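K.L.:
Sequence:
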Amino acid sequence: MNMKNLIYLSVILAVCFQSIFAASKMPDNPTIETRVYTRKQCLLSQDGKVGTVDDRSLGLAGIFIPILIGKAIGSISGALKKAGDPETLKDIGRFPTYLYNLVLVGGDGESKRRVNLNSDLNCIIVVRGEFVSEDPEDQRKISSNINRSLFDVNLESERLIRLRESNIPIRKISMVFEAEMKLSNDKRAYLYESKFLQVNDFQGGRPQDSRSLVICLALYGVGAKEGEETLSLAMLNIGKLSRGVLSSKRISAVKSSWLGGIGVPPDFLDSMSSISLSGRTSMGVIPITLEATIAETDSGNKALRFIADVLTAGSEKLTQNLSDQILQDRSKKAIEAEDAIEKAKLEEESAYKDYLEAQESLSAQAASTSRAFDVVRTCRLWKRKFTSLQLTGVFPTRPNVTCPE
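Numbering-wise, numbering that gives the first Met the number 0 puts 345 at position 346 of the sequence shown, and it's gapless, one number per residue.
A portion of the hints provided could be inaccurate.
Taking lysine to aspartate or glutamate pairs in the DMTMM-like style, the calculated list, with each CA pair at most 20 Å apart, reads [to be verified]: (1) LYS239 / GLU192; (2) LYS171 / ASP134; (3) LYS171 / GLU157; (4) LYS248 / GLU192; (5) LYS301 / GLU86; (6) LYS248 / ASP151; (7) LYS171 / GLU32; (8) LYS171 / ASP200.
Computed beta-carbon distance windows for the label pairs [as the list claims (entries may be wrong)]: (9) ILE274 / LYS239: 44 to 52 Å; (10) LYS80 / SER349: 49 to 57 Å; (11) ASN144 / LYS80: 22 to 30 Å; (12) THR396 / ASN184: 23 to 31 Å; (13) PRO395 / ASN199: 50 to 58 Å; (14) ARG249 / THR396: 49 to 57 Å; (15) GLY77 / LYS352: 49 to 57 Å; (16) ARG249 / SER298: 15 to 23 Å; (17) GLU348 / PRO168: 50 to 58 Å; (18) SER209 / LYS81: 32 to 40 Å; (19) SER298 / ASP134: 28 to 36 Å; (20) LEU190 / LYS81: 20 to 28 Å.
The set of hints was computed from the structure by calculation and includes no laboratory data. No experiment lies behind these values; they were computed from the predicted model shown. Every residue, glycine too, gets a C-beta built ideally from N, C-alpha and C.
With the sequences and hints as input, model every part of the structure.
P.N.:
Below is the structure:
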């Protein structure tokens, strides 16, 4: 071998050894992160039937439910990060979405709007693990191959396929959790009902065979800074568990208490009737962020301490706010709600009467520009009142009228 070939061989070997050395220095654990998703139905706990969402249209009683917590627990976002002892491991995922959908339900468009709770909030899905990419833009997709629940520990490949087919690009699952968001019968509150939990790896690469787990689900509204408007907080204490898939019976027993925070300020209702849909049949309104915190501790006592630390944050303001809401005269609130509906009825009836009189005046006498304009004006005013009344859940019988231009 001549000197030139020897040099070439040396260079090639050096490059090979460098590559091998660099590969040995690569991290053993790829990046693990927590992501949050919402869907119309749960993906892994589904029993094979197509999921249905309860009627979530909200009348005046639903729209005007008090935001029970509001700014009173504005410090909760920071408290979730700081709570617990130094051994408490936490990971957080967030999902921006909308609380309501403004929907056209047929007819002549603008006169038949309804306000529905966002149907995609029916199931909350928290996934921690290794992902192959950023989330696809379509975050409403549900796999067409949901034919059974996947609680069997040996169905890992099927769980991965179902999540991927639902636009959740997971490569390896560390933890996945599902919870249904269930409205109360009067639509004034909701709770989370746990549906599925799988834990393959605990946080921090700890060798423990078991850990205590708390999952916190918080809704944040728009504020001057992140987390200022805390609308609701649920802390689901799963308890001590080992790696694997929890049974359907055990996980379904984990529920939150009733939560408020899905109300809208009264002055926002009228503005909904004037929002332009620009040819669409629905649009999201009231932006919110859904945040999930996964907290792991060595023992159940430490898990309870974590919960106590969070709830203690801002407790003085929280107690005062809860007292103001809970101790107020409930019969007075009911009367106020009834008065609001009655006022909306009277305003709509008065506006409709003015419109009919303007029409009669135009028909009975010689047409004039001012009388024709009065028909247009009163028709538009009545349509606005009619739409506002429908948003309270009251639908008076009226002819299908298109206001003249």
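K.L.:
Confirm or reject each hint.
P.N.:
We went through each hint and held it up to the structure:
no.: 1; hint: LYS239 / GLU192; verdict: holds (18 Å)
no.: 2; hint: LYS171 / ASP134; verdict: holds (15 Å)
no.: 3; hint: LYS171 / GLU157; verdict: holds (12 Å)
no.: 4; hint: LYS248 / GLU192; verdict: holds (12 Å)
no.: 5; hint: LYS301 / GLU86; verdict: holds (9 Å)
no.: 6; hint: LYS248 / ASP151; verdict: holds (13 Å)
no.: 7; hint: LYS171 / GLU32; verdict: holds (11 Å)
no.: 8; hint: LYS171 / ASP200; verdict: holds (10 Å)
no.: 9; hint: ILE274 / LYS239: 44 to 52 Å; verdict: holds (49 Å)
no.: 10; hint: LYS80 / SER349: 49 to 57 Å; verdict: holds (54 Å)
no.: 11; hint: ASN144 / LYS80: 22 to 30 Å; verdict: violated (38 Å)
no.: 12; hint: THR396 / ASN184: 23 to 31 Å; verdict: holds (27 Å)
no.: 13; hint: PRO395 / ASN199: 50 to 58 Å; verdict: holds (57 Å)
no.: 14; hint: ARG249 / THR396: 49 to 57 Å; verdict: holds (51 Å)
no.: 15; hint: GLY77 / LYS352: 49 to 57 Å; verdict: holds (55 Å)
no.: 16; hint: ARG249 / SER298: 15 to 23 Å; verdict: holds (19 Å)
no.: 17; hint: GLU348 / PRO168: 50 to 58 Å; verdict: holds (55 Å)
no.: 18; hint: SER209 / LYS81: 32 to 40 Å; verdict: violated (25 Å)
no.: 19; hint: SER298 / ASP134: 28 to 36 Å; verdict: holds (35 Å)
no.: 20; hint: LEU190 / LYS81: 20 to 28 Å; verdict: holds (26 Å)
Violation of the numbered hints given earlier is confined to hints 11 and 18; the remaining hints are satisfied by the structure.
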